[in-house]
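Enquirer: Sequence:
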Amino acid sequence: PHVLESGKPPGGLLGHSVAIRSVLEIVERVAPTDATVLVTGETGTGKELVVRAIHEQSKRSGGPFVAVNRAALAEGLLESELFGHKKGAFTGAIAPKKGLFEIADKGTIFFDEIGSVPLETQAKLLRVMQEREFMRLGGVHTLKVDVRIIAATNVDLKSMVADGRFREDLYYRLHVIKVELPPLRDRREDIRLLAQHFLEKYGLENDRQHLELTPEALDLMEQYDWPGNVRELENVIERAVVLATGTRIGVDLIPDAVRTARPFQIPQFVMPPEGISFKEVTAAFETQLIERTLVAAGGGQK
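Residue numbers (the numbering used here): 73 to 374.
FYI, nobody ran anything at the bench for these hints, they're computed from the structure. Don't take every hint at face value.
Derived DEER-like restraints, expressed as beta-carbon distance ranges [unchecked claim]:
id	residue 1	residue 2	range
1	362	235	26 to 32 Å
2	258	213	47 to 53 Å
3	115	280	25 to 31 Å
4	282	234	33 to 39 Å
5	170	115	29 to 35 Å
6	166	366	23 to 29 Å
Using 27 Å as the maximum straight-line C-alpha spacing, the simulated DSS-like pairs for lysine-lysine come out as follows [as the list claims (entries may be wrong)]:
id	residue 1	residue 2
7	169	216
8	159	131
9	159	216
10	178	159
11	178	131
12	196	178
13	216	131
14	196	273
15	178	158
16	230	196
Glycine residues also receive a C-beta, built at the ideal position from the N, C-alpha and C atoms.
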């Protein structure tokens, strides 16, 4: 399905904000190509949704989609999972096994949390990207593979390169096309639309199709900063649907973390004295903006 023309992008990518529309436009342009894509963004922003949308709109959509979650793989077994192994390649290898690259042939392989891949494995991953071939562990023959590689991360890979924790050559191989997902707090105008989407989704799943959110509940959601992003909003709506006893979801069904959070406020600008230059005016406003935002964020600079 076409993300933009269908009018129904994946749930977490719904929205009319400039930020999310820019993401969808990049997805539309890059999907039909075979370019390597790096998707960045905080946890819960919907990175895997972007990756799946790219795969589904690509010429590889009829092929496999294989997701590699480094955190879910046992330590020391990542290379076996990626490249497969021959029988007897290591203790416990009682039978030959295909790796994820073989399984993903003619399709897309997705590396979630690419920054957690060990340096030694990064070198082998780079070789596969360059040569489109690899060897199974314990094997002597190279295997050709035709896959599109997409990676995602919630950390700053460039900083990891500077610290020697991520290969610079691999970074630039991955960084052909970058799709940066905005945090939910930077697309507040999408919160109501997303909340309604998840209300319909979980209302249908729980046979509660006639529920509605009160204006007070929606106002609270728009004022909250959502550190867990779209995923956190989805969890809040699912919880409310399950716990609702009537047809309306009010503030009593919104978690304490959302209800008691300090409301989001745009810093107010105080006009400087007359006769001050334009440069000084903008500098004064910038200073006030930074100071008040730091106060609102509890001193956190991130």
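Enquirer: Taking the hints in turn, state whether each one holds.
Expert: Hint check results:
| no. | hint | in the structure |
| --- | --- | --- |
| 1 | 362 with 235: 26 to 32 Å | holds (28 Å) |
| 2 | 258 with 213: 47 to 53 Å | holds (50 Å) |
| 3 | 115 with 280: 25 to 31 Å | holds (28 Å) |
| 4 | 282 with 234: 33 to 39 Å | violated (54 Å) |
| 5 | 170 with 115: 29 to 35 Å | holds (31 Å) |
| 6 | 166 with 366: 23 to 29 Å | violated (59 Å) |
| 7 | 169 with 216 | holds (16 Å) |
| 8 | 159 with 131 | violated (35 Å) |
| 9 | 159 with 216 | holds (20 Å) |
| 10 | 178 with 159 | holds (25 Å) |
| 11 | 178 with 131 | holds (10 Å) |
| 12 | 196 with 178 | holds (20 Å) |
| 13 | 216 with 131 | holds (19 Å) |
| 14 | 196 with 273 | violated (42 Å) |
| 15 | 178 with 158 | holds (22 Å) |
| 16 | 230 with 196 | holds (20 Å) |
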